[in-house]
Structures are given as structure tokens and as C-alpha cells.
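Which chain is which? The protein sequence lines are A and B, in order. Numbering (our numbering) for the first sequence: 18 to 170. Numbering (our numbering) for the second sequence: -3 to 262.
Think of the hints as simulated: they come from the structure by calculation, not from any bench. All C-beta atoms, glycine included, are put in the ideal place defined by N, C-alpha and C. Keep in mind that a hint or two might mislead.
[Said to hold, decoys possible] Distance condition first, Cα-Cα at most 27 Å in a straight line; then the derived DSSO-like pairs of lysine-lysine: (1) B/Lys195 - A/Lys68; (2) A/Lys68 - A/Lys44; (3) B/Lys195 - B/Lys85; (4) A/Lys44 - B/Lys85; (5) B/Lys85 - A/Lys68; (6) B/Lys195 - A/Lys44.
[Claimed, not checked] Chain B regions said to be covered by chain A (calculated; three or more residues, Cβ under 8 Å): (7) 38 to 50; (8) 155 to 167; (9) 181 to 192; (10) 230 to 236.
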Amino acid sequence: MAHRALDFWVGVFVLAGFSALTFLALKVGDFGSGGSAYELRAQFGNIGSLKVRAPVRAAGVTVGRVRAIDFDSTRYQATVTLDIEDAYRFPRDTSASILTAGVLGENYIGLDAGGDEALLEPGETIALTQSAVVLEQVIGRLLYDRAQSEGTP
Amino acid sequence: MRELFGGSIAAVSAFVLGAVTRIGAASLFCLRVLARSMTSFARPRLLVREVYFAGALSLVIIMVSGLFVGMVLGMQGYETLQTYGSEEKLGVLVALSLVRELGPVVAALLFASRAGSAITAEIGLMKATEQLAAMEMMAVDPVARVVAPRFWAGVVSMPLLAALFSALGIVGAYLVGVRLLGVDSGAFWSQMQAAVDFKQDILNGVLKSFMFGFGIAAVATFEGYAAPPTAEGVSRATTRTVVNSSLLVLALDLVLTGFMLQLWSE
């Protein structure tokens, strides 16, 4: 009888531990959704502070994630590899731009679907891209423009 | 003056020598336990009994502390995030701090004081009452029969307890943040899922707690086995287990975190 009670509590302990691990993996870590995705590439002149695993959104809906960011040393541009969920396909003339969530938020990639009937195949490169807006450059240009307009009476 | 100076140098060098010798003895003891572990795996009953004492009996304190730590994190996080109008990030804050650091470390500290001290006291008392010597007389290896099951029970229980701590902490933060303070439930979970990475965050946490379990079990069994066979010796060994294994956990955490950030950052 003593054996049975002991086994029961060890069983409770092990079950509780493993269900906690499953909870962490599925509910907290979203392990399941990384399953089936296809790859797209895009080249940008400047990626700002885009990071690996940043979301890829179309019309505000997250449709994938940034898998890798590399520097293309022949074209001096950043090559961004995207993982897009299999359920979502985009026309060939889709454009990708690097946007910022809120004023100080993270960078993410926004996809704007075009009107082409042909679809982007897995592994293809998105031709139309728009680089990140770097805040320092915008402010610099603004100051420069103002100085010029004030300089000429 | 000169004698005082010389005396303190002698004292310091004796302390350093003693500490290094002890670390060496503990490492050798650890290897000995590993070498004799096969016999204890052949008798899983022994292991189950020790998992009950080390793990199952720690369930209540781990779960209750996890819940309360999560609730406090939820309250404090909400208070700060609210000033930036981003209280829906509460889930991210709580989940990342629990899964990466607080879960493994606080659970390990609790485990060291709850189960580590019990292991040391038990082995130390068995030594003081000459039960270990009696086993040796009967050609039963006390390291294989007494020490190894307790060691492995600690190693096995620790990751499960840390996972429970983190999970209950997130539930506690959910109760306070969503139910009490009115953070949006969908944003709480979806932002958390977007930010928590399975490999970098959860798997690293499990790996960490596994290493902590290894360290605590090694310190606790060694202190018990090396304790002077007196009432005072056992009591001092128990105290040393709690102090040394807590320090070991914190030091290991620093080293492991550094390693993991280097290894998996891109």
C-alpha cells in the first residue's frame, strides 16, 4: 500500500511537470505554428533595425517571419529571407517595405499585394522593395530643407 | 606586528588551500557517483522513492511561489508599462523574465533549501549513525545504494519543477493582469507567443534548470557524505549545502546565460 501511494505522488509530480512543459511550449512559445512555410527573398538598400524573427505582415495580419538577414557583397544590399506560411500566396508584383510599429516600435516587413495573376513561387525574390526610413536621415533632410528655404529670401 | 601579518597570510593561505582541496574532493566524489550510477538505474524503485522526496514533496512550495511571483510581476509590470500605454506587452515581459531567468533560478534556490538540505541531512545522519559503514560491512556500496539515487532524483526533478514554476507564474500574471487589471486577453497571449522563441527561451530555460539540478544534487550529496559524523557536523553541512548550492546556482546562471547568448544570437 505504501508503495502505491508513493508511486501515485511521483506520477502526479511527473505529469504536472510535463504538462507545464507542454503548456510552455504550446501556449507560451507557439511551437506548433513554425511548421509549414515557404521561403521568399527581398533585397533592401537599408534595413534599419530589422531583426531576425521580426513579423511579416500583409494588411496588418502576420503572415510570416524574417528568417535570415545577410549582406550581399556584390550589390551592397541587404538580402532578407522571409518564411511565409503556406496558406498565404502573393502575386508576383507584390512590394515589400520595412515599416515601424508605432513611433518607437520594432521594425517589421509589410507586404502590399499587387494585381498580377501570376503568383510568387517559393524561393523567388520580391522585386519591388522600399527601404527602412531612418529617423536621423529624415530629421537631417528636414533641417537642411528649412535652412535652405530660410536662406533664400 | 610582523607576527600578526604573518598569521593573517597563513590564515588566508590555509583558507584558499582548504577551499581548493574541497572543490577537488567534490569533483572526484561527483565522478565516483557517476561511475556507480548504473547499479542504481538497475533498481528504479530506489530512484522513484527519492524523486518522491525531492520532487513530489517540493510541488506545493514551487507552485505557490510560482503563482505569487507571477502575480507580483504582473502587478509591477502593469504599473510600469501603463505609463507608456503598452500594457498589452505584459504577457511578453512576464513570460520572458520567467522562462529565461526567474523560473530556473528561483525554483533552483527553493529546491536547494527545500530538497538539497534534506538530502544532506539524511546522508549525514546515516553516516553519523554508522549506517553507511554497516552497508560497507555487508559489501553494499553506499555510494551506489544511498547517494546515486538521491543525486539523480535531484537532476531529474529540477527541470520539471522549474517548468511548473514558470507555467504557474504565467497563470498568476494572467489572473492579475487580465482578470484584475483589465489587460486584453488576446493581446496578452498573442504578443507572448510572438515574442517567446521555443529554442532560445524555453529550451534554454530547461537546459539551465537541468544544470542547476546537477549542481545542487552534487553539492547536497557531497556535503552529506563528507559531513563530520556529529550533530554539529551534520547541522553545519546542511547550512553549507544551502549557501554553497545557492551561490553555485547564481554563478552557473551567469556563465550559462553568457554561453547561450553567444551561441544562439545571430
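- Message: Given the hinted pair B/Lys195 and B/Lys85, is their Cα-Cα distance within 27 Å?
- Response: holds (21 Å)
- Are there three or more residues in the region 230 to 236 of chain B whose C-beta lies within less than 8 Å of some C-beta in chain A? violated (count 0)
- Query: If you draw a straight line from the CA of B/Lys195 to the CA of A/Lys44, is it 27 Å or shorter?
  - Reply: holds (14 Å)
- Task: For the pair we were handed, A/Lys68 and A/Lys44, check the Cα-Cα distance against 27 Å.
- Result: Satisfied, since the Cα-Cα distance of roughly 23 Å is no more than 27 Å.
- How about the region 181 to 192 of chain B: do at least three of its residues have a C-beta closer than 8 Å to a C-beta of chain A? Holds: 5 residues of the region 181 to 192 of chain B have a Cβ under 8 Å from chain A.
- Message: Need the status of pair A/Lys44, B/Lys85: alpha-carbon distance at most 27 Å?
- Response: holds (16 Å)
- Task: Mind taking a look at whether chain A covers the region 38 to 50 of chain B? Criterion is 3 or more residues with CB to CB distance under 8 Å.
- Result: holds (count 4)
- Query: Would the pair B/Lys85 and A/Lys68 pass a check requiring their Cα atoms to be no farther apart than 27 Å?
  - Reply: It holds: about 18 Å lies between the C-alpha atoms, which stays within 27 Å.
- Does A/Lys68 lie within 27 Å of B/Lys195 when you go C-alpha to C-alpha? holds (17 Å)
- Query: Are 3 or more residues of the region 155 to 167 of chain B near chain A, judged by a Cβ distance of less than 8 Å?
  - Reply: Three-residue rule met by the region 155 to 167 of chain B, so holds; n is 9.
The earlier numbered hint that this structure contradicts is number 10, and it is the only one.
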